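Chemist: Residues per chain are reported as follows:
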Amino acid sequence: MNTTETVIALHAVKKSYQDTPVLDIASLALVPGIYWLQGENGAGKTTCMKVMAGLIPFKGEIVLRGNVSSRQHPVEFRRLINYAEAEPLYPSFLTGRDLLELYLNTKGGDRQRIAAISTKLGIDAFVNNPVSSYSSGMLKKLSLLLAFTGNPVLILLDEPLITIDVQALSVLYDLIRSYSAKGVTFCITSHQPLDPAELTVTGTLKVAHKNITLN
Amino acid sequence: MRTTIQILQKIFTQRFYIQNTGFFLVLFYLLFGVVDGGNLISYHTSLMKGFLGSYPFLLIVLLLWGLYGLKCVGFMLKTFQLQGYEFLYPTMGSIDKRARQRIWLLLHTAIYMPVLVYAGIAAGVGMVHGYYLPVAVIVVFNVGMCIWPLLVYERKLDQPDVLFFTGHLQRWLNKHFTKPPLLFFLYELFTNYPRRIFSVKLFSAGVLWLTFFLLAQMDFDLRGLQLGIILSVLLHMQLMLHHRSFDDTYLNFVQQLPVPLWRHYIRLTGIYILLYLPEMVMIIVNAHGKISLPGLLTCFAVAISLLVLFRCLLYFRRIDEEIHLRYVLLVSFVVLFMILGKYEWPAVLLLQAAAAIVFLTKYRTYEP
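Residue numbers (this note's numbering), protein chains in the order written: chain S, 1 to 215; chain V, 1 to 368.
In case anyone wonders, no lab produced these hints; they're calculated from the structure. Mixed in with the good hints there might be a few duds.
Derived list of chain V stretches under chain S, where covered just means 3 residues or more per stretch with a C-beta under 8 Å from a C-beta of chain S [said to hold, decoys possible]:
# : stretch
1 : 138-144
2 : 186-196
3 : 222-235
4 : 246-252
5 : 355-368
Only a predicted model underlies this, so the values are computations on that prediction, with no experimental measurement involved. Ideal Cβ positions, reconstructed from N, Cα and C, are used throughout, including at glycine.
So here's chain S without its partners, still in its complex pose (with noise of 0.2 Å):
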């Protein structure tokens, strides 16, 4: 595999809770693609996910296109790295345009763009109100939208096809569709299979054993 390729590339990576390990990855890379995070439950999925958007701490090292390294480039690493969690968790007197504006201030992109998507999940609506008064659909796609925010070349999904309804898991297909034709990378978890006829899946990582092998 050429390493200019390679989307992300880890490197000795582990993940222990307490002295507990969970995640040893000796080595793991991806290409530009779209692929299916699978494991049983508490088999390391979000953890592996959150290892990767920089979330928790852990021991070896992530590289990103080939150059941005998660220890020396922490900053550029974050900006590079989009991850939606499964169970978003807001403070409650913040508003969803406090969250966007903070994302699109720190992670930047296109706010036009941004927008438009708001616009098509339905946020407009409600993007001035505290999360507080939020539905977990509505927070789910509020974090769905700030995964999109910025330029990065790999979103982390984590269980993106619960809680929202018919109408937004479309737009979801075309928004990760779209990003895609563009090289973005997508890592997504779901215990339900991602539809075919909407997803062309790259490949599948299995999480088992603290280890995750690409089929």
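With chain S fixed as given, assemble chain V onto it according to the hints.
Modeler: Same frame as chain S, now just chain V:
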């Protein structure tokens, strides 16, 4: 096997006293630490006779007890709103009403106990010295303070709606003003925990007021004021623990933002400058004409450096409230002796360096 009340006491009573350790330490210091041991009883007897014999003074005492009562009620209500405590609604809601009211009474009186003990002794002193009407006022007031919260708790159980501002002004602000990350924690305090911030600020202001009052009795010494500042900073410990818990629970996403470490550090320092702003204003107003500008800056630098370092200590792995308190007191003692030796600026530099080193090395590796 644990009884229901034992479990509920663990949830409410124990948590209350653990969370308020700093508050009680300062309170005990003010009540019992500032007086020579041999004169302690006569001091408190005189104090009690003072408010038993003067209705304006008694009103102030009742106001303070009332504020403490509100703090207790606020704590109980907030517990119901905490994440992970939702189980209290179905469980407590399933208890027979009379039994539940008995439980409310036990839980509330357990956390209101410090006032009941002091008021009880004061009532005894009042009876001995013939202050029958003030004693009756104290008894009625405290019985009332133990009864009305029970109705509030029952109402909370019936209407478990989450409080947030939906007024026109708040909606207008939400539409036209984006909250910067610097203000997130202050918003959290003012919207979800207003009693907590107001009570901390009230006691902190009280400590500073007492400091200025004592300094007015003698030649003004900057070191005396700095001692008062250290005490007022210690009163903010509860807010620091809250800050950590808020960051851990809700601001996880901030770590994923492409923001350099130094900006995170500036934000943290900014939060504590804003938090201490009321005290700074109070010091400026009270110290007008007594302290030079460099003296004022020294005081503020000591306060902010202590606050930031104490918050940064919480980035150490698995540091709990007790261990944190130990380090905080140790640092406070060292700083106190440096101030007494007139080494304020070396102390500030050391505190700043320690805070920055801890933050820069621990922030990215910190894990709740």
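Chemist: Would you mind marking each hint as holding or not holding in the structure?
Modeler: Verification of the supplied hints:
1. 138-144: With 0 residues closer than 8 Å to chain S, the stretch 138-144 of chain V misses the three-residue bar; violated.
2. 186-196: Result for this restraint: holds, n = 4.
3. 222-235: Contact hint for the stretch 222-235 of chain V vs chain S: violated, 0 residues under 8 Å.
4. 246-252: n = 5 at 8 Å, threshold three: holds.
5. 355-368: Check passed, 4 qualifying residues.
Checked against the numbered hints listed earlier, the structure breaks hints 1 and 3; every other hint is satisfied.
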